[in-house]
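Residue numbers (this note's numbering), protein chains in the order written: chain A, 571 to 687; chain B, 31 to 309.
Derived from the structure by calculation, the hints contain no laboratory data.
Hints should not be assumed to be uniformly reliable.
[What the hints assert, rightly or not] If we take Cβ atoms under 8 Å as the criterion, some of the chain A residues that face chain B in the derived model are:
1) Phe-587
2) Asn-599
3) Phe-605
4) Asn-606
5) Ile-632
6) Tyr-660
7) Gln-665
8) Ile-676
9) Phe-679
10) Arg-682
A virtual CB, placed ideally from N, CA and C, is assigned to each residue, including glycine.
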Amino acid sequence: MNAATVSQQAIPGTYLFDGRMAMKGYNLNRMCYSFNSADNRKKFKAFPEAYCHAYHLTREQIHAVTDLDVLRLLQVGGNIYYLAKLTGIYGMTVQDLGAQQTGRSIDEFRARLESQA
Amino acid sequence: MARIIGALTSSHIPSIGNAISNGKQQDAYWKRFFDGYQPVLQWLDAQQPDVAIVLYNDHGLNFFLNNLPTFAVGAAQEYITKDEGWGLPVFPAYHGYPEMSWHLIESLIEQEFDIAMCQEMAMDHAFINPMRLFWPNENPPKIKTIPVAINTVQFPLPRPARCFALGKAIGHAVASWPTDEKVVVIGTGGMSHQLDGERAGFINKKFDEMCMEALLNDPERLARYSALDLVREAGAQGAEIIMWLAARGALLGNVSKIHSSYHIPISNTAAGVLAMANQ
Chain A
571 MNAATVSQQA
581 IPGTYLFDGR
591 MAMKGYNLNR
601 MCYSFNSADN
611 RKKFKAFPEA
621 YCHAYHLTRE
631 QIHAVTDLDV
641 LRLLQVGGNI
651 YYLAKLTGIY
661 GMTVQDLGAQ
671 QTGRSIDEFR
681 ARLESQA
Chain B
31 MARIIGALTS
41 SHIPSIGNAI
51 SNGKQQDAYW
61 KRFFDGYQPV
71 LQWLDAQQPD
81 VAIVLYNDHG
91 LNFFLNNLPT
101 FAVGAAQEYI
111 TKDEGWGLPV
121 FPAYHGYPEM
131 SWHLIESLIE
141 QEFDIAMCQE
151 MAMDHAFINP
161 MRLFWPNENP
171 PKIKTIPVAI
181 NTVQFPLPRP
191 ARCFALGKAI
201 GHAVASWPTD
211 EKVVVIGTGG
221 MSHQLDGERA
231 GFINKKFDEM
241 CMEALLNDPE
251 RLARYSALDL
261 VREAGAQGAE
271 IIMWLAARGA
281 LLGNVSKIHS
291 SYHIPISNTA
301 AGVLAMANQ
């Protein structure tokens, strides 16, 4: 199965991180990978746009980063494991991410999780 | 000859680490989850295994997308932990067992698993949290460890059937190790959950229950799913169940259940633990 075949088998509401997305998001994910270093997190937080430029992010990617818009970050090639290092800088938990992506409040998102027990 | 005495499979949710560090095991939110590990701890205490082979998935700490192996085996004297970027504590290094690692590597290549070999490897929460759950009183525990990383970051993921076969190959490798040591195989991740996309928050209890049952009695049934099927049924990160399947594969004897526990939700995830004995 090649990357294109995987992409075609869509699962609604799910962004499969296949070869096509990995190419598109390489620089964005590379930047997020750099956030494993506390020093880099500090540099990013001081001048986010300049930091994005240093990693050659596209205009579209920079906007998604500065807006902390998770669905757009996924659409421009971000991988959730790497994006978590970006959103973590702003103290966002995975419940915050879930609430934002599903258009719910945090309490509504938690209630949805609990409703599946 | 070394003997695999069982497999322990467990969720590795990051917040577990903070709950342990902050002593929240008896808090209302956490009590049921941590109580679910007690019978496994009693079994470990009675068995005192010498070696843990830990099948886990790296989340962008040790591997980046520039060089991403599908399967990678650690062959280090020790396994350090590092800053993952969002606040989990860094711990003293875990003990390695390079002699057995190289035996495992040689045997796997001989069995046509062309794995990557790593003499340095940093462990993230997917390794650390199950170790802290299973050995809560020591950090690091005395047990020697061999990490085996499976790619769940980047599609194409390895086929579940291939992960099951990798586990079997690990089982054969351990059986041909000359000294008499007790080995436990650990598979981490899952159960159903999805962090990303409009489907974030997806959990599938029915599928998780099927997985628990199949792992014990009919692992081939789970091995017949494709990786994409697992994403559909268990959520984007629920595909981590391939590590459980690989751990189960290493049990080549008669398998019986020691204990299982299941709880929704911990963080965004259906949390599960399943311990199986191998005789």
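Do the hints match the structure? See the list:
1. About 6 Å separates the beta-carbon of A/Phe-587 from the nearest beta-carbon of chain B, less than 8 Å, and the hint is met.
2. Interface restraint check for A/Asn-599: the shortest CB-CB distance to chain B comes to about 6 Å, inside 8 Å, so the restraint holds.
3. Because the closest C-beta pair between A/Phe-605 and chain B is about 5 Å apart, less than 8 Å, the hint holds.
4. Evaluation of the A/Asn-606 hint against chain B yields a held restraint, the C-beta minimum of about 5 Å falling below 8 Å.
5. Checking A/Ile-632 against chain B: minimum C-beta separation of about 20 Å lies over 8 Å; hint violated.
6. The beta carbon of A/Tyr-660 comes no nearer than 10 Å to any beta carbon in chain B, farther than 8 Å, and the hint placing it at the interface is violated.
7. Interface restraint check: A/Gln-665 against chain B, minimum CB-CB distance 7 Å, threshold 8 Å, status holds.
8. Using the Cβ-Cβ criterion of 8 Å, the hint placing A/Ile-676 at the interface with chain B is not satisfied: the shortest such distance is roughly 11 Å.
9. With a least beta-carbon distance of about 6 Å to chain B, the hint placing A/Phe-679 at the interface is held under the 8 Å criterion.
10. Against a cut-off of 8 Å between C-beta atoms, the interface hint on A/Arg-682 holds, since the closest Cβ of chain B lies about 5 Å away.
When the structure is compared with the earlier hints, violations turn up for hints 5, 6 and 8 and for no others.
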